[in-house]
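> So the chains spell out like this:
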Amino acid sequence: MKTRIYYLFLPFLAFMFSCDDFDRDEQLEYLGENVNMSTPLTVSQTEQYVLLEDFTGWNCPNCPKGTEEINSIISQYGDRIVVAAVHAGAFARPKPDNNNLDLRTDYGEKLLKKYGILSFPSLMVMRNGETSSTPSAWKGKVEEFLNSSEHDANISLGVDVFNDTLLVSTQVELLNDADGDLFLTLYVVEDGIVGIQNDNGTIKNDYVFNHVLRNGVKEDMPLSYEPLQKGDKVSKNYIMKTDAGWIIDNCKLVAILTKSNGNVMQVNQIEING
Amino acid sequence: MRRLLLLLIMLVSGLVVQAQGIFGGKVTGNFQWDIQASREDSTIGAEKVDEKLLNNAFANINYVNGDFSAGMRFEAYLNPILGFDSQYKGAGIPYRFASYKKDYLEITVGNYYEQFGNGLVFRAYEERNLGLDNAMDGLRVVARPLDGISIKGIIGKQRYYWEDIWDSDNGLVRGLDAEVSLNDLVESWKNSSTRMTIGGSFVSVYEQAKPKYVNIGGSDYRMSIPENVGAAAFRFDFSHKSFFLSAEYAQKGQDPNAVNGFIYRKGNALLLKTSYFIKGLAIALEAKRIDNMSFKSKRDETGNMLNVNYLPAITRQHSYSLMAMYPYATQLNGEMGIQADVMYKFKKNTMLGGKYGTEVKFNYSRVHSIDKQPLEGYALNQAGTEGYTSDFFKVGDELYFEEVNFEINKKLTNKFKLNLMYSYQSFNPVAFGHPEQQNIYANIFVADGLYKFNRKHSLRTELQWLLTEQNYGEWAKGDWLQATLEYNFAGKWFFALSDQWNYGNENGDRTHYYNVSLGSTYNTTRISISYGKQRDGIICIGGVCREVPASNGLFMTITSSF
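Respectively, the protein sequence lines represent chains A and B.
If you count the first sequence from 1, position 187 lands on 187 in the working numbering, and the numbers rise without skipping.
Numbering-wise, the working numbering comes out as the position in the second sequence, counting from 1, plus 1000.
Looking at chain A on its own, in the form it has when it is part of the complex:
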């Protein structure tokens, strides 16, 4: 009897004896850099811009209020505000009720999990780890960053479209010495997607979703393998794939410069004109 009891543990062995081995083609993910091609930089900046990531979903009744608040912030501060509407979680899950329109992305789900976001809408400003589900408080949070004296880098951008490919050129200029490694994340947001939205219990059939985060994110690409100092300018070119479902003229490319702790140092965006 006393030995038979050990059989109870056998099912666990299958889990224990597993280890994560990657085949050769799974070991490395090509980050799409091609140093031989570039496109002119057409957008630059001289001020600190602020990134707003709005966690939202079509079935989230309070989310349109959040969107209104964001629109109000944009109308006041213009280009300095860069927005990504991250459709993620249970409220964004497609159903026949919304004609199965799926605006979720792998990256959005990953952010949701990483920052432990449960309440919708939730706004995260500059990825400082804090989220707020009270739209009336958002403007104040955004202004904290807008009024901050921190301004450590500028990003210049250029983008060209070739068939289903984007050629993205970036240049990061350091205004202060970098404290640790820096990373660049590139993603596409799309305006003007029409779909169904639950607006405080009312189903709106022709709701327009703007700033929608799209798939194909180039995530946390190292800016340099050497420590960066004030005055350094780092130029990099990337290739990204577009999706047939996107209306490319409604899309913008967002470039986010992050520190190794994930906090955003600078952000900029450029319209993609097919």
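Hints may be right or wrong, so weigh each one.
[Said to hold, decoys possible] Not the full set, but computed from the structure, chain B residues with beta-carbon under 10 Å of chain A:
#1 PRO1211
#2 VAL1214
#3 VAL1229
#4 GLY1253
#5 GLN1254
#6 ASN1381
#7 GLY1384
#8 ASP1391
[Claimed, not checked] Pair by pair, the computed Cβ-Cβ distance ranges are:
#9 LYS110/A with VAL1186/B: 54 to 64 Å
#10 ILE1198/B with ASN128/A: 30 to 40 Å
#11 LEU1380/B with LYS110/A: 29 to 39 Å
#12 ILE1527/B with ASN128/A: 49 to 59 Å
Hints in this document: simulated from the structure, not taken from any laboratory.
Every residue gets a Cβ at the ideal spot worked out from N, C-alpha and C, and that includes glycine.
Place chain B on chain A using the hints.
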């Protein structure tokens, strides 16, 4: 909370000292306090010690009552003595445990040390002289369901200085080991002169992946980092009368880490040991091959901490200081070597044995790199690739270490014993990460004589002579001489004088590293104090090493047990 616990334990231990038994159980413990005062000495490179006084101390207090035991260890590094990592600074209780045996189970909660087989896939241990402590914190269960069968299960995290490991990103270590002694299992083999034990173990470390990037040929890539890294080993021990053979083979899954340069190549290790002895003669042979076997519970860690496994050295561990001047360090990324030991004892009343017999020992070891060939289109050990290919049986070009030792132990008279030793060592600084240094070829001679005047008085003299034409860094240039005189008197006191002289340092100061020490032993308490100079150097225990900086000053040690 920690202070409260400490106070409580001190109160309990106070009671215990008065009455060694408590609740019918037994309390044991030991204590050590090292105090160092070193001053700046530019001639030997001893740096200024701001604190003037440095202290390392620990006390173990264990309680045993039948099948139940519990214990703790208090440690204080205020501040750590020279050569210990400054991250040890502080005091507290890093080790506490409770354990009980019931039926066929032994359960330990809290901290524990453990080893599977030879340790190729798992060994949690402490080596105080190296400042190394890989104690696990978690659970351990040992089951012995049948005679001859032992199953161990472990889970937990490893100690990392004073870091709150449960709030850290360090990996979680899980393991299982099973061992079967066939002689104990099979009734008819119980009294056989042939004995066989087989065992197998599996260990897995879970560590959350963090982004890791490589640049290959001008392009950036993100690496897929395995979050679960597994290692398995199989072993057997076989003996027949005076013949013994043991083997262990271990394999590790993909584990790109800071030690191996973030390559995906799987690791493996093989350890073979055989020995034979008859009256007066013992022969032992060992062979080892390691390929990419650094296994840590944190993939970015490079030091001695957080080692999940242990790869034993197959070179001789020396106690004479000049013989230990150029020690060997196990090369976790790849090495293959052999060691042979022969010991013969000439019988009493023979021509070579003389009146008291003569013991002769021979030891030889040689360790090479393993064969490593670059992958087509990549540099050798390119991060983000398999790193290299390796022919298992091909010996690498680089000789890491070679040593020949002869030793004669001879009791010449009723009162005088003599130990003579010769060693030839070839030491490759590449193995220590110093390819800019020269290879060292050294001939070392030792004569160690012990004269016993009576039961309570004895005099030991030791002469060591190291001859080499090479220099190693700033602290070891050319030839060395060492003389030691140690007088033990009244059965409990000792007084020693020693001088280590780098007389071969022709371009610099021919420094004398003198040392005077005095000590006493009373029952289980020993106190010693020494004054002198300590040269910059390396100490290795079991192939694991640390560098010891130079010092000039006082050193005091108090040890006690109850």
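> Each hint should be assessed against the structure and marked as holding or not.
We went through each hint and held it up to the structure:
1. Here the hint on PRO1211/B is kept, as its CB sits about 5 Å from the closest CB of chain A, short of 10 Å.
2. Because the smallest distance between the Cβ of VAL1214/B and any Cβ of chain A comes to about 7 Å, under 10 Å, the interface hint for this residue holds.
3. The beta carbon of VAL1229/B is positioned within 10 Å of a beta carbon in chain A (closest approach about 6 Å), and the interface hint is therefore held.
4. Below 10 Å, beta-carbon pairs count as interface contacts, and GLY1253/B has one with chain A at about 4 Å; its hint therefore holds.
5. For GLN1254/B, the suggested interface contact is upheld, since its CB lies about 5 Å from the closest CB of chain A, less than 10 Å.
6. Violation of the interface hint for ASN1381/B is found here, the shortest Cβ-Cβ separation to chain A being roughly 15 Å, above the 10 Å cut-off.
7. For the restraint placing GLY1384/B at the interface with chain A, the shortest Cβ-Cβ distance is roughly 5 Å, inside the 10 Å limit, so the hint holds.
8. Hint on ASP1391/B is violated. Least Cβ distance to chain A is approximately 21 Å, over the 10 Å limit.
9. The hinted window of 54 to 64 Å between LYS110/A and VAL1186/B holds, with their beta carbons roughly 55 Å apart.
10. As the Cβ distance of ILE1198/B to ASN128/A is approximately 56 Å, the hint placing it in 30 to 40 Å is violated.
11. Checked against the hint of 29 to 39 Å, the C-beta distance between LEU1380/B and LYS110/A comes to roughly 35 Å, which is consistent with it.
12. Distance hint check: the CB atoms of ILE1527/B and ASN128/A are about 57 Å apart, consistent with the given range 49 to 59 Å.
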